[in-house]
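Enquirer: Here are the chains, one letter per residue:
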Amino acid sequence: MSRLKGFLWFLALRLARATATLAICVTIVFVVLRSAGDPLASLLPDDTPPDVVEIYRERFGLDQSIWQQYLGYLQSVAHGDFGRSFVHHRDALAVVWERVPATLELGGLALIAAVLIGVPLGVLATFGRNTWVDRAAMSAAVFGYSLPNFFLAILLILWLSLSLRLLPSAGSDLPQHLIMPIIVLGAPAAAKIARFTRTSMVEVIGQPFMRAAAAKGVPTRPRLIGHAFPNAAIPVVTFLGFEIGAMIGGGVVTETIFAWPGLGRLLVQAVGQRDLAVVQTIVLMIAATMVCANLLVDLAYGWLDPRVRVGLRGTGK
Amino acid sequence: MSVTSEPNAATTPTAARAASDGPRRRPIPPSILLAIAVLVAVAFIAVAADWIAPHHYATQDLKARLKPPVWAGGVWAYPLGTDNLGRDVLSRLIYGMQTSLGIALVGTAIGASFGTTLGFIAAHMRGIIDELLMMLVDVQASVPYIIVALAALAFFGNDLTLFVILLGLEGWERYARLARGLVLSEMAKPYAAAIAGFGATTWRLNWRHVLPNIAAGLVVQATIYFPWVILLETSISFLGLGIQPPRTSLGLMLGQGRSYLANAAWIAVAPGMAIFVTTLAVSLVGDWLRDRLDPTLDG
Numbered sequence: 001m002s003r004l005k006g007f008l009w010f011l012a013l014r015l016a017r018a019t020a021t022l023a024i025c026v027t028i029v030f031v032v033l034r035s036a037g038d039p040l041a042s043l044l045p046d047d048t049p050p051d052v053v054e055i056y057r058e059r060f061g062l063d064q065s066i067w068q069q070y071l072g073y074l075q076s077v078a079h080g081d082f083g084r085s086f087v088h089h090r091d092a093l094a095v096v097w098e099r100v101p102a103t104l105e106l107g108g109l110a111l112i113a114a115v116l117i118g119v120p121l122g123v124l125a126t127f128g129r130n131t132w133v134d135r136a137a138m139s140a141a142v143f144g145y146s147l148p149n150f151f152l153a154i155l156l157i158l159w160l161s162l163s164l165r166l167l168p169s170a171g172s173d174l175p176q177h178l179i180m181p182i183i184v185l186g187a188p189a190a191a192k193i194a195r196f197t198r199t200s201m202v203e204v205i206g207q208p209f210m211r212a213a214a215a216k217g218v219p220t221r222p223r224l225i226g227h228a229f230p231n232a233a234i235p236v237v238t239f240l241g242f243e244i245g246a247m248i249g250g251g252v253v254t255e256t257i258f259a260w261p262g263l264g265r266l267l268v269q270a271v272g273q274r275d276l277a278v279v280q281t282i283v284l285m286i287a288a289t290m291v292c293a294n295l296l297v298d299l300a301y302g303w304l305d306p307r308v309r310v311g312l313r314g315t316g317k
Numbered sequence: 001m002s003v004t005s006e007p008n009a010a011t012t013p014t015a016a017r018a019a020s021d022g023p024r025r026r027p028i029p030p031s032i033l034l035a036i037a038v039l040v041a042v043a044f045i046a047v048a049a050d051w052i053a054p055h056h057y058a059t060q061d062l063k064a065r066l067k068p069p070v071w072a073g074g075v076w077a078y079p080l081g082t083d084n085l086g087r088d089v090l091s092r093l094i095y096g097m098q099t100s101l102g103i104a105l106v107g108t109a110i111g112a113s114f115g116t117t118l119g120f121i122a123a124h125m126r127g128i129i130d131e132l133l134m135m136l137v138d139v140q141a142s143v144p145y146i147i148v149a150l151a152a153l154a155f156f157g158n159d160l161t162l163f164v165i166l167l168g169l170e171g172w173e174r175y176a177r178l179a180r181g182l183v184l185s186e187m188a189k190p191y192a193a194a195i196a197g198f199g200a201t202t203w204r205l206n207w208r209h210v211l212p213n214i215a216a217g218l219v220v221q222a223t224i225y226f227p228w229v230i231l232l233e234t235s236i237s238f239l240g241l242g243i244q245p246p247r248t249s250l251g252l253m254l255g256q257g258r259s260y261l262a263n264a265a266w267i268a269v270a271p272g273m274a275i276f277v278t279t280l281a282v283s284l285v286g287d288w289l290r291d292r293l294d295p296t297l298d299g
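Top to bottom, those sequences are chains C and U. Using this note's numbering, you'd call the opening residue of the first sequence number 1 and step up by one each time. Using this note's numbering, you'd call the opening residue of the second sequence number 1 and step up by one each time.
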């Protein structure tokens, strides 16, 4: 019973923290929007008569106190009303929402590819620790994240599209269009995951229970895969949570280069056109996604590693 | 770093020098020497751009558009070829390095001082301010920074000063977190209590004693994250939302060269290689410095 109570406390604390983080994000966006200048100045022509400006001021609620405006903003955000895109002449949320599936498709596939390559590479590096396998895997990892994603994309286009003529350089109609974006988005992630998996494995191998397993006579391979890996995998799960953020960031450049119709490309276009309604919708949506991802990672962590939820209250026996 | 930890140190001048290099007296590996040489060369190019660039970065020669590099049938007047407006790629590369490195350096300085100051404040004002600052750190860490920077550029309009400040604010939370932890552990040491006991003000204690003691860790942190600032600047400029023409940066050059990949790949490949080599060299030196100073100090 008290064990369940401990878990509920853990859950409640994490939920409260996630809500607070999100509230701060919304507040920051509101403050930035208000301090960025008079919203009417960009909407109305310069020679609008003052009484007309006054009417619009009233209509947008700009004549109210800043606190009333803030409450109104919170209310409209809670209702999913982020304003109208003046480029697309539609509800900003609808414009953004259309782009979500493409980003999820690309990001999801890239993340899966990165895990499938990065984790085995990291484990392999621990098998031959301090041999050439290890060094080669780790050098590849260093190269992987020193190579800027936009330059990797350009090299791939030069090689696979222009020189070998194997793949189309940009677009989104065929399955082949996905290959290069997945490489560009997934390669740095795979490199980081490999490095992190190795560090985590090396740490676990130093634990006393690993020596006990060796003393018991468990052979090397089952010892590393059956005993070390499950323990080493827990921090890797947390790391994946951070990696989702890096992928969203990397998606901005990748989608733009390969003309992939996702959120990142929409953001770049909206920033260029100063379509503020779309920009704030994307920022808040990403913030919400990241907060949820972090919450899920925290919960998964508590589920995988009982020490976390027990340690939090100290009484959850 | 003290000489007393080395039994035979200071018996001969060479031994003394070796001891002052570090406690372990491990030779610098060749790859690090190479990386340092690259960095010195890059720094020289960036500082001396006005003297070594054969042309001005904005000088156009419309009769010499899209000329290939020397080894691909070009002329020595334009060693790395020219771009779509007949501008010398080598000269633009040199000036682009100056812009990109200069901006990244100023940005890192801004982020490091801002973050470190907040870290000091958080460490000394425990309680609500500490909690608030650390919550802000969480918020900043929860949204990918390139999104925040792009949104700020959209809200406030593109402006060089704003751009540099935005680059600096990338990662302030890492400095804040690191400085907070380091200050807390320094304050727990006997010397801090002793100096405070002598009647030193909090300001003097922090500025004259704690800061010099934790400076090495902060400098290593700055070296490790310097490439991130370069990559952020080049990414945003690549998208056409950062540095604006006629000014140039490595990222902007690469972005402009993207349209000419099919017939003039050198316009994009030259700045791309420059970015890659520079960030790789800084990363190698940064990792090496960290391992030497303290292997447990990790991001």
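Since the hints were made in silico from the structure, they are not lab data. From the three backbone atoms N, C-alpha and C, an ideal C-beta is built for every residue, glycine too. Any given hint could turn out to be false.
Claimed, not checked - Computed spacing ranges between beta-carbons, pair by pair:
1. C/53 with U/124: 55 to 61 Å
2. U/187 with C/128: 39 to 45 Å
3. U/181 with C/292: 58 to 64 Å
4. U/209 with C/53: 53 to 59 Å
5. U/184 with C/4: 32 to 38 Å
6. U/161 with C/48: 28 to 34 Å
7. C/127 with U/187: 41 to 47 Å
8. C/143 with U/201: 56 to 62 Å
9. U/201 with C/34: 36 to 42 Å
10. C/79 with U/156: 25 to 31 Å
11. U/30 with C/74: 57 to 63 Å
Enquirer: Take the hints in turn and mark each one as holding or not.
Expert: Taking the hints in turn, this is what the structure says about them:
{"no.": "1", "hint": "C/53 with U/124: 55 to 61 Å", "result": "violated, 48 Å"}
{"no.": "2", "hint": "U/187 with C/128: 39 to 45 Å", "result": "holds, 44 Å"}
{"no.": "3", "hint": "U/181 with C/292: 58 to 64 Å", "result": "violated, 28 Å"}
{"no.": "4", "hint": "U/209 with C/53: 53 to 59 Å", "result": "holds, 58 Å"}
{"no.": "5", "hint": "U/184 with C/4: 32 to 38 Å", "result": "holds, 35 Å"}
{"no.": "6", "hint": "U/161 with C/48: 28 to 34 Å", "result": "holds, 31 Å"}
{"no.": "7", "hint": "C/127 with U/187: 41 to 47 Å", "result": "holds, 44 Å"}
{"no.": "8", "hint": "C/143 with U/201: 56 to 62 Å", "result": "violated, 49 Å"}
{"no.": "9", "hint": "U/201 with C/34: 36 to 42 Å", "result": "holds, 39 Å"}
{"no.": "10", "hint": "C/79 with U/156: 25 to 31 Å", "result": "holds, 27 Å"}
{"no.": "11", "hint": "U/30 with C/74: 57 to 63 Å", "result": "holds, 59 Å"}
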